[in-house]
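Protein chains: 2
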Amino acid sequence: MARIVAKFGGTSVADTARIERAADKIAAEVARGHEVAVVVSAMSGVTNQLVEYCRQISPGHDAREYDAVVASGEQVTAGLMAIALQKRGVAARSWMGWQVPLRTDDVHGKARILDIDTTRMSDSMRAKEVPVLAGFQGVTDEQRISTLGRGGSDTTGVALASALKADRCDIYTDVDGVYTTDPRIVPEARKINKISYEEMLELASLGAKVLQVRSVEMAFKQNMPVQVLSSFDDAIGSDLPGTLVTREEDIMEKSVVNGVAYSKDDAKITLAGVPDVPGVAAKLFGPLADANVNVDMIVQNVSLDGKSTDMTFTVPLGELDRAKDVLSKIKEFKGVKVLTDTQIAKVSVVGIGMRSHAGVALTMFKALAERGINIYVISTSEIKISVIISKEYLELAVRALHTAYGLDKTA
Amino acid sequence: MARIVAKFGGTSVADTARIERAADKIAAEVARGHEVAVVVSAMSGVTNQLVEYCRQISPGHDAREYDAVVASGEQVTAGLMAIALQKRGVAARSWMGWQVPLRTDDVHGKARILDIDTTRMSDSMRAKEVPVLAGFQGVTDEQRISTLGRGGSDTTGVALASALKADRCDIYTDVDGVYTTDPRIVPEARKINKISYEEMLELASLGAKVLQVRSVEMAFKQNMPVQVLSSFDDAIGSDLPGTLVTREEDIMEKSVVNGVAYSKDDAKITLAGVPDVPGVAAKLFGPLADANVNVDMIVQNVSLDGKSTDMTFTVPLGELDRAKDVLSKIKEFKGVKVLTDTQIAKVSVVGIGMRSHAGVALTMFKALAERGINIYVISTSEIKISVIISKEYLELAVRALHTAYGLDKTA
Chain F
1 MARIVAKFGG TSVADTARIE RAADKIAAEV ARGHEVAVVV SAMSGVTNQL
51 VEYCRQISPG HDAREYDAVV ASGEQVTAGL MAIALQKRGV AARSWMGWQV
101 PLRTDDVHGK ARILDIDTTR MSDSMRAKEV PVLAGFQGVT DEQRISTLGR
151 GGSDTTGVAL ASALKADRCD IYTDVDGVYT TDPRIVPEAR KINKISYEEM
201 LELASLGAKV LQVRSVEMAF KQNMPVQVLS SFDDAIGSDL PGTLVTREED
251 IMEKSVVNGV AYSKDDAKIT LAGVPDVPGV AAKLFGPLAD ANVNVDMIVQ
301 NVSLDGKSTD MTFTVPLGEL DRAKDVLSKI KEFKGVKVLT DTQIAKVSVV
351 GIGMRSHAGV ALTMFKALAE RGINIYVIST SEIKISVIIS KEYLELAVRA
401 LHTAYGLDKT A
Chain R
1 MARIVAKFGG TSVADTARIE RAADKIAAEV ARGHEVAVVV SAMSGVTNQL
51 VEYCRQISPG HDAREYDAVV ASGEQVTAGL MAIALQKRGV AARSWMGWQV
101 PLRTDDVHGK ARILDIDTTR MSDSMRAKEV PVLAGFQGVT DEQRISTLGR
151 GGSDTTGVAL ASALKADRCD IYTDVDGVYT TDPRIVPEAR KINKISYEEM
201 LELASLGAKV LQVRSVEMAF KQNMPVQVLS SFDDAIGSDL PGTLVTREED
251 IMEKSVVNGV AYSKDDAKIT LAGVPDVPGV AAKLFGPLAD ANVNVDMIVQ
301 NVSLDGKSTD MTFTVPLGEL DRAKDVLSKI KEFKGVKVLT DTQIAKVSVV
351 GIGMRSHAGV ALTMFKALAE RGINIYVIST SEIKISVIIS KEYLELAVRA
401 LHTAYGLDKT A
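In order, the protein sequence lines correspond to chains F and R.
Heads up: the first sequence begins at 1 in the working numbering, then just goes up one per residue.
Heads up: the second sequence begins at 1 in the working numbering, then just goes up one per residue.
In short, the hints are calculated from the structure, not lab data.
None of these values were measured; they are calculated from a predicted model.
Fair warning: there could be bad hints in the mix.
One copy or any two copies: either way a pair holds, since identical chains are not told apart in the list.
Stated by the list, open to error - Cut-off 20 Å, straight-line C-alpha distance, at most; resulting in silico cross-link-like pairs (SDA-like, lysine to any residue): (1) K87 with G60; (2) K165 with E129; (3) K324 with R88; (4) K87 with Q56; (5) K391 with P275.
Assemble the whole structure, with the sequences as input and the hints as a guide.
Structure (C-alpha cells):
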C-alpha cells in the first residue's frame, strides 16, 4: 500500500474518452489498496487556444489576467476527472489551486510554488476521497490566480507528492519512458528502467523533452521518486512499467553512460584575436546576458603568444542575430574577428557511472574519429561529455555513440 | 455621472472581436465620466460544450463538479475583457465569484445568491479600476464553486448592481429591446421604451425570451432599473437606446396594453364529469405537482347539476404524457373522461393600464370574434388577459390584437 500522486498530461486527457481511460487507471490503483491523489493538465490544445485569445486582444496583456484565462483549462479537466472517478464508484472531488490553497509568489505567468497547505485535502483523503488537483495553477497572497508557466503541471505533481509525503509521483504522458536516445534516429534505443535525478536533468535540458526541468529539479531537491509512463498502455503506475527517476543510491546497476542526447538548435560563435587580459570574459558575457542571450557551451584556449586568444561559445539559433548585434557594440572587441556557424549540432553522453570510470571520453572521441567526424568543441562536466560537430553528421554520431557505449537493445 | 453595471451576454462576447467591441462601449461610458462595473457571460457555445463534456462522461454527474467545469467559461471572458479594457487605457481587473466573494447557497447547478460582499471591489472602484465580474457563478460556504443555472449572468448583473447601489443595470444582448410582440409575426411591432417590472415578468414568463425571469424578479424586488439593449448597435447604455424596465411610477405614459405575448408549447387537458365535492382540486393537482408537471392555466366551471363539473388546465407539451399517466392513477377520477388537445396556442395581452380601464377584455374578445376565432379558455389577472385558441389561428390572433390595442408602429 503506497501513497501515489498520479499526474496526467494534456494528451492523456485530450477528450472525454481519454479522461475515462485515465480514470480507469486511478480506479485500478485504488482497488489495489493504494492511496491516490491526482493532478491534471488542460485537455491538449485548450491552453494554446486560450493563450491565442489573449494574444489576439493584446500581445502585451496583463499577466494576472492571462493567468485567470489560461488557468481555466485545468479547472475543466479537474471537474471532469472527478466526475469520471465517481462514475467508477471512487469517491473524488476537484481542487483548484485557490481551494487547497497552493500558494505561489506573484510572478504571474511563471510563478513559483511557495507552499501547499494540505490540511483540508488530507482530511478529504482520510475520508477515502481521491483529490483531483488542477495542475499548473496556484493563488497569490493577493488572492489572484497564478500559473506556473508552460509544463507547470509536472511541477504541481511533484510538489503535491512532496507535500503529501507520497511514495512516488507517476507522470502519465504519451511516451512510455525515457529512452537511451531518440528512437527515431536509433531504432535500437532502449527504455531506461531507472535513472538518477542528475542524469535526467542533463538529458532533459539537452533536449529529451519528457519531463519539465523544473519538476526534476524539485524532485531531486525533495528526493521524490518520479515515474514517467504512458497513459496509452494497459499497465498502471504500481506495475512500474515506465522510467523511474530516483536517487543514485537506489540504482543498483550503474551504467557508465545511460543516454545519448542531442540538440540542433544552436549556433556557434568564435571570436578570434580577443585581447588576453583579465576581465575580458565579463566584458563579453555581461552584455550578452543583459540582452537575454542564453550562452551555453563556452571554450577558451590558452593564449600562446600572451597577447590574444580565441573564444568559442554557443547560443540558441533564434538568438544569434541578437548576439551578433551585442558583439558589434562592445568597443573593446573592435579588432576582434567574429565567425559564426549555424550548421552545427551538439551531441552529449550522460551517465553517473562516468565519475568512477576512466576512458569514457576516449571511447567517444574514438567512435567519432572512426566515422571521420570532426569535433569542433569539447566540454565536459562530472556526468556529461558534450561535443559540437557539423550538423550533417548528427544522426551518424548519435548511432555510433549509442553502439560504442553498449546501449543498443539486444535482440 | 452615474454608476452603471453593464452585463454582456454570450453572443456579445462570442469571439475576441466582439469582446473588443464590448470593451469600446465600456470605455465610452468611462470617458463620459460614468462609473462602470462589468458582468460577462461565457463566449457563446462554450457553456454548451462544457455541459456536453460532463454529460458524455456521466449523465448523472455530481452537480458540484459540473459547477467547477461550467463556471470556467465566464472566467475566460472576464480575463479577456479586462485585457481588452486595459488595452484601451481603462484600468480594469477580473473577479471570479470566489474572489469577491459572491456567496450562494449550496444548491449546485441552480444556486441562489445569498450576498455579495463588495468591500474589496469597492476599494478597487475607488482606485478608478473597472471590475469585470464573471457572471453565473459564486462560491458556497464550503468554498466550492457554484453556478446559478442557465441565464444566471442576468441575475448576477442585477444582484451586483443592487449590491453596488448602481443607478442602472444595462443588459447588452443580441436584440435591441423588448417589443410589443414578436416582429416575425407582426412586422409593425414596436420597441417599447419603458416597461414596468410587472409587465416584463408577464411577458418574459409568456415566452418573450429577452431577460431571465429571475433577474426581473430580483430587479423588481430591489427596485433596480434594467435596460435591455443591443451590443451590435453603435449606441451605448447612457444613450438609453433600449427598453428600460423600471417602476410603474417612473413610467409617465401608461398604455392600457403594452404587449401581446404568445406560446404554442402547451397542451390542454379537460376532465369531464369531475365529482363536485370539496377537495377534488387538491386530489388532482397534488399528484401532478409530485410528478413535476407544471400546470399553468386552470379553469373550473360552476357545477350546474350540483354533482359534477368540468375542469380544464394546460401543461407544457413535453409533460402531457406524464400528466395523463398521473391522471389514470387517481382512483377518485375513475369515471372521469379525459380529453386532451395539443393543437392549441395561448395568446395574452399585458398592460398595467388595464387596472384602471374597463372594457380591455371586451376589445380582445371582439377582435378575435371578428376574425371567427373561437376562444376555448379565458384566464385573467390584474395586468394580463390570456386566452387559449386553436393553434392554426395564432398568427392571425396576434396580429388582430396588436392592431386592436393600437400597438402598430405608425409609419
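At 20 Å max between alpha carbons, let me know whether K391 reaches P275 within a copy, between copies, both or neither.
Neither, since 30 Å and 97 Å both go past 20 Å.
Checking an output row: K87 and G60, CA cutoff 20 Å. Within, between, both or neither?
between (43 Å within a copy, 9 Å between copies)
Between K87 and Q56, at a C-alpha cutoff of 20 Å, which is it: within one copy, between copies, both, or neither?
The answer is between: 11 Å across copies meets 20 Å, while 39 Å in one copy does not.
Is it within a copy, between copies, both, or neither that the alpha carbon of K324 lies no farther than 20 Å from that of R88?
Classified as neither: same-chain Cα gap 59 Å, cross-chain 37 Å, threshold 20 Å.
Given a CA cutoff of 20 Å, do K165 and E129 count as a within-copy pair, a between-copy pair, both, or neither?
within (17 Å within a copy, 43 Å between copies)
The earlier numbered hints that this structure contradicts are 3, 5.
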